[in-house]
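Colleague: Residues per chain are reported as follows:
Number of protein chains: 2
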Amino acid sequence: MSAFLAAVRREPVPHTPVWFMRQAGRSLPEYRKIRAGTGMLESCRTPDLVTEITLQPVRRYGVDAAIFFSDIVVPVAAVGVPIDIKAGVGPVLDEPVRTAADVAAIRDLTPEDVPYITEAVRQLVGELGDTPLIGFAGAPFTLASYLVEGGPSRSYTNTKALMYGAPDIWHALCAKLAGIARVFLEVQIAAGARTVQLFDSWAGALSEADYRRYAMPHSAAVLDGLTVPRIHFGVGTGHMLEAIAEAGADVVGVDWRTPLDVASARLGAGYAVQGNLDSIVPFAPVEVIEREVRRVLAEGAKAPGHVFNLGHGVMPDTDPDALKRIVDLVHEN
Amino acid sequence: MSAFLAAVRREPVPHTPVWFMRQAGRSLPEYRKIRAGTGMLESCRTPDLVTEITLQPVRRYGVDAAIFFSDIVVPVAAVGVPIDIKAGVGPVLDEPVRTAADVAAIRDLTPEDVPYITEAVRQLVGELGDTPLIGFAGAPFTLASYLVEGGPSRSYTNTKALMYGAPDIWHALCAKLAGIARVFLEVQIAAGARTVQLFDSWAGALSEADYRRYAMPHSAAVLDGLTVPRIHFGVGTGHMLEAIAEAGADVVGVDWRTPLDVASARLGAGYAVQGNLDSIVPFAPVEVIEREVRRVLAEGAKAPGHVFNLGHGVMPDTDPDALKRIVDLVHEN
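Line by line, the protein sequences give chains V and A. Residue numbers for the first sequence follow UniProt numbering, beginning at 1 and rising by one. Residue numbers for the second sequence follow UniProt numbering, beginning at 1 and rising by one.
Mixed in with the good hints there might be a few duds.
As the list claims (entries may be wrong) - The calculated label-pair distances, taken between Cβ atoms and stated as ranges, are: (1) V:Lys33 - A:Glu95: 27 to 35 Å; (2) A:Ala175 - V:Glu332: 44 to 52 Å; (3) A:Ala175 - V:Gly270: 41 to 49 Å.
As the list claims (entries may be wrong) - To give an idea of the interface, some chain A residues facing chain V are shown, with a C-beta separation under 7 Å as derived from the structure: (4) Tyr61; (5) Tyr116; (6) Thr157; (7) Lys160; (8) Gly165; (9) Pro167; (10) Ile169; (11) Ser207; (12) Gly238; (13) Arg257; (14) Phe283; (15) Ala284; (16) Pro285; (17) Val288.
Don't read these hints as lab results, they were simulated from the structure. Quick caveat: nothing in here was measured; it's all calculated off a predicted structure. Where a beta carbon is used, it is the ideal one built from N, C-alpha and C, also for glycine.
Construct all of the structure, not just a fragment, from the sequences and the given hints.
Modeller: Right, here's the structure in full:
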């Protein structure tokens, strides 16, 4: 039995399972080597590359789960939205999506649009053996923020202005993106993903009232009734963890600001928790790493299910040896 | 009696007072005109400019308080740290501060270092008449983050790595910056500022435990025993408002994520509250502006003192007419 799947289901575990958001990526020299000369979107569409990149951290660290290597804009690009990923910047579009016509022009995703995802997941599941694969998708709000801003943002001015000023267009856009994200996850589940994580990376930019009004129904449409356990995470969502849970989660991911025992006390017995180690802790001396890992383990032990993770993604210049030490510490405890 | 000073002291008010963080600045055409061709730091060192810029929003909007126009790095530059403010970027240093020698090289601030601040405040207080002036300073953590990163950051990697990895250097740096911020506020108070606001803009990047360990003692050293009421604010500090209050506040500023009634219920009878209107609401249609202003007023009415404000600074491309409408709405209610 996988420790990860047990924790996700709030069942007894042989040891606390651990994986890291962005464990597959720039912090690994073997990743930088294999990605050299290949663009991000092209990499995500190449099953052999996706398989190798997803496996790299599993091999190196012995983590308890693999996270499907992809990008949140992959399914959006697959339906023809002219979006690209600029190295060091993130997703960018020349023409932001802001009108009813812009939204209507986005078509639905079908499994036939992403044969490379099915192929990559099948291949991966074969290679992974007993290690479960976590499927990956971006949530409607976060996807919409990239489409409406035309790129990453600090203030989400255009996104919120559309939300407040043209709620019909906003909801039509998010409903479309919810359908796309849903199919993207279903494709991964059909091919063998054992759980999924919905990344609503920037949902924390909203107040709880705005989240419930403008974002949550669309995330619920992605998550509701999926046939595998669901992890739901957004940075800076500590002020509305209950809403993140209610949107449809089995595991609520929390960032480095919300201790796991605090999160779990608020969420109650029906949810496992994941996260909280500050992504900068791996840069600290070993005593600090040990102190913080022990703290997260002790706080997580109070929850009905605990998946050890960072409170955000692995920073690109993280020392892989520090992550390896953390995995070993978690497994020894 | 000033409605603003009454609210800050949790006394009965004739109407709810309102001002806006960054009300003096780029959103005003008269500001862009007067600043044309003058660098930010140079502007902050020119009393006539500071006076005019600080007065502009008071004249235009009829807000209940003026906020001293300055920048958090002004006192740091005044002791010779080679920091500049790059338009569209923020504070930048060629050589970040990261070693014990770097910290030791920063000298203390004396009132004689900033005669232009004394002069500007005196002149302003004369012009403002009954409208109180809020003194302005940046908190040690936020100042330190600029010095350690060498500029703005999203992840505070170097800042947290120094905090965790070399706490002695970190605390020495913050103690130095606390002394500088303290003197900077005392100079403004001596010249006539009737309240102060300490901006710990990026403190929300810390967990409460880290804030209490690494930042709060230094903010307390700035705020403790000042002779005027103190407003204390940081974006994204909803997870640790109690600590922001305990650091030494009469008014706790909250961002758009924490409703004022929720904040006040947590803080109790000893604190007034300020903030919460999303800075993007001024971009919304008038119905949404009215709905949100009424919501904030209703929630703020449950606190023992309420200063109406945004949950963050005014966005540079905000329509001044929308802010004027908000001031009028607040005053009519």
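Colleague: Which hint numbers does the structure go against, in order from smallest to largest?
Modeller: 2, 4, 5, 9, 10
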